[in-house]
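**Q** Single-letter residue listing:
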Amino acid sequence: MTSIAHIPEDPLPLSRPRARRTLGGQIVVWLRANLFASIPSTIVTLLLVALLGKACVSLWQWGIANAVWIVAGNDTAACRALRGLGACWAVIPEKYRFILFGTYPFEEQWRPALAVLIFILLFVLSSRRSFWRKELILLWAGALIIIGLLMWGGIFGMSYVTQDRWGGLPVTLILATFGLAFGFPLGILVALGRRSKLPAIRSLCVLYVELIRGVPLISLLFMASVMFPLFMPDGVNIDKLLRAQIAFVLYAGAYLAEVVRGGLQAVPRGQYEAADALGLSYWQKNALIVLPQAIRHVIPPLVNTFIAFFKDTSLVLIIGIFDLLTTAKTAIIDPAWQSFSVEVYVFVGLIYFAFCFAMSRYSRSLESQAAPR
Amino acid sequence: MTTSTPKRPPARPWRLSLSDPRVAGLFWQIVVVAIAVAAVAWLWSNAVHNLSVRRISTGFAFLGREAGMPIADSWIEYSPKNTYLRAFIVGIVNTLRVAVIGIVLATVLGTAVGIARLSSNWLLSRLAAVYVEVLRDLPLLLQLLFWYVLMQGLPAARQAWKPVEGVFLSNRGLVLPSIPLDAANLWTTLAAVVGLTVLHFIRRRLIAQQMLDGRARPAWPYAIVLVVVLPALVSLLSGASWRITLPELRGFNFVGGLTLAPEYFALLIALVTYTSAFIAEIVRSGIQAVPRGQWDAAKALGLKRSFVLQHIVLPQALRVIIPPMTSQYLNLTKNSSLAVAVGYQDIVSIANTTLNQTGQAIEAIALIMMVFLTISLGISLFMNWYNARIALVER
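Here the protein sequences come in this chain order: A and B. Numbering follows this note's numbering, in which position 332 of the first sequence is assigned residue number 332; successive positions increment by one, without gaps. Numbering follows this note's numbering, in which position 153 of the second sequence is assigned residue number 153; successive positions increment by one, without gaps.
Calculated from the structure, these hints are not laboratory results. Please note that a few of the clues may not be correct.
What the hints assert, rightly or not - Here's a subset of chain A near chain B, in silico, CB distances under 10 Å, partners left out:
| # | residue |
| --- | --- |
| 1 | 34 |
| 2 | 62 |
| 3 | 64 |
| 4 | 66 |
| 5 | 68 |
As the list claims (entries may be wrong) - Just a sample of chain A residues kept apart from chain B, beta carbon distances all over 10 Å, derived:
| # | residue |
| --- | --- |
| 6 | 65 |
| 7 | 148 |
| 8 | 239 |
| 9 | 246 |
| 10 | 270 |
| 11 | 362 |
Predicted model, so just to flag it, every value in this text is computed and none were measured. Ideal Cβ positions, reconstructed from N, Cα and C, are used throughout, including at glycine.
So that you can see chain A by itself, here it is in the shape it has in the complex (with noise of 0.2 Å):
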């Protein structure tokens, strides 16, 4: 191991010959200073690019040279004569609209399709800054029941797919964006009631925080799919994807309850007693005065947050529900293309790994807009 320069703007380097002008000097001088500047560090770099060049040949001959990329039909002979030495890619034109959308009526599928246009549109305008007001929860409102409507159908001449035949990215994405957007206000209300000067609705609050996070998702997703319908009266049948819905928001609010409680701490206590002062009711308090800045102070972890959220929506392939990740899996079991597992989750690795990696990008460009300049 090298050794730290944990503070990028080291004086150290100053007593290295300046750069000079020309830009061959100055790649010189560059190379010199994080590549090779003590012998330690030089053989670290040899050894890297050593690595990193044979790992590149092997993904390179793996992935382009010898991949097939496109075969009639489902006859995979051409991809088995390459024994693994080369990537199947023609499993990705093959079965791309399954995986993507699951059994959805194939005819039908602009719908899906429209529905996660609709979602994206919605992240990347509630990810403006200019449109956090009032006017966003209706746009949700809305975004979230066209939809809906999309989904189902049964009006404006579509016809009616039933919630069994839902799959793929749409599904993932329903998991997720109506988890969080039901988790949010339940996660401000218990971390409002575990900051209560009431003891029974604290200890209330405490416990189901506590409760769900303390054991692990899968437990609560079983408990959706096998003990809920124990749990409700005779003739209720509630409907699985709805079901696990309903044991996600449960986990998002616990999860988010305990990040916007760290953001109510960091209110002041002047804050509350001038609203108190102000005589504003209870209610009035936290949603004119103290959640908005409670939330301000947050919203890196909560991007976070969310993050970790839309990666565990994948769970629910152990219930059985067809999200995206279940989709993939599904779609190698047949039989023709069943040894080229790896493509398809290079694949739809792909996909989540845009949505959580814009994220991650757009809640590190907050934390830096938030630091004191």
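Position chain B relative to chain A; hints supplied.
**A** What follows is chain B alone, placed relative to chain A:
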């Protein structure tokens, strides 16, 4: 006395109106608690009714019945003829075996990556950043399935990949050389542990003495006696045979050695790499949180960089690192329940099978919750104790 107690305003008389905050508080608490109790009672009565319709008797009596469920990978004696209770214990051991080893490995790997991210070597720090970003932005379950598929794609046992003598990597998992666990070896191990503990206390005393008079007292003579000579003596006296059993290929499988089943190995890799990315970020920000004046001061004293890191920066960084690290350890433990996706039989997987076989949904889920709440509590208590130990001692 009278001066120190501030005068309290006389208590206002209670008014039976919601505009009195005390009455309102009491009223809303009663309302909320009543709703909660009513909801729980309603759910409970439904459950009792449904269970009686399905002829499922509540209670933990089923734990004594024969489980009839095969468990492939177990460290303790188990056969399908054993009871459900025994199956649950196997599950708990399997969960702990992933969680404990995973926590240790993830800490080591995560710390290494976190320090690499701060390296002055541009390539190394970039690579570490890419590692962190990629692993953090993919669902753990996807990574787990990916590793498991790779594991299944490995050559068969006969063509196993052999990086070192006695280590085999094949689609049967990882096979390592092992030391047989007999009484003599156990005694020797015990002696080494006792030796290390005593050495720890001796070192502390030596340092305390050095604090008084400034004279350095070497600890290595004690170390040799306690950690080398003592275990060696015990080993000789108890007649331990330090023969390492090398695994060999017989027919289609391996005999001897320690086998890590592909399910366990895939789960371990997935948990360790995923968690190490988060730990790396925690370690990096912890080190960066140490004020740079500490580095400068140490440098001014002419200390070596490795010494500065080990004795000046890391002890201070630890105070920032420990609390978030605790929650990562808890996450790793909870995430180990993803085992069910690849068929490694941890507590969640075994409880789920039990649930399907007996229909005892409430009991099975209650057991899962109990186990995880206990483990979480254990980790929290240990980390809080450690955190208090390394906390800054202020005047």
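**Q** If I take the minimum Cβ distance from residue 246 (chain A) to any residue of chain B, is it greater than 10 Å?
**A** The claim holds: residue 246 (chain A) sits with its nearest Cβ about 13 Å from chain B, beyond 10 Å.
**Q** Taking the closest Cβ pair, is residue 34 (chain A) under 10 Å from chain B?
**A** 4 Å, holds
**Q** Is it correct that the beta-carbon of residue 270 (chain A) has no partner in chain B closer than or equal to 10 Å?
**A** Check passes; 20 Å lies beyond 10 Å.
**Q** Next item in the hint list is residue 62 (chain A). Is there a CB on chain B closer than 10 Å to its CB?
**A** 12 Å, violated
**Q** Using the nearest Cβ pair, does residue 64 (chain A) come within less than 10 Å of chain B?
**A** 19 Å, violated
**Q** Would the hint on residue 66 (chain A) be counted as holding, given a Cβ-Cβ threshold of 10 Å to chain B?
**A** Constraint on residue 66 (chain A) not satisfied, violated at 16 Å.
**Q** Was the hint right that residue 68 (chain A) lines chain B, CB cutoff 10 Å?
**A** Because about 17 Å separates residue 68 (chain A) from the closest Cβ in chain B, which is outside the 10 Å limit, the hint is violated.
**Q** Would you assess whether residue 65 (chain A), listed as outside the interface, keeps its beta-carbon beyond 10 Å of every beta-carbon in chain B?
**A** For residue 65 (chain A), whose nearest Cβ neighbour in chain B is about 19 Å away, the distance exceeds 10 Å, so it holds.
**Q** Does the no-contact call for residue 148 (chain A) survive, Cβ to all of chain B over 10 Å?
**A** Fine: 25 Å to the nearest Cβ keeps residue 148 (chain A) off the interface.
**Q** Hey, is residue 239 (chain A) genuinely clear of chain B, shortest beta carbon separation above 10 Å?
**A** At roughly 18 Å from the nearest Cβ of chain B, residue 239 (chain A) sits farther out than 10 Å, so the non-interface label holds.
**Q** Can we confirm that no CB of chain B comes within 10 Å of the CB of residue 362 (chain A)?
**A** 12 Å, holds
Figure legend: structure checked against the earlier numbered hints; hints not met, in rising order: 2, 3, 4, 5.
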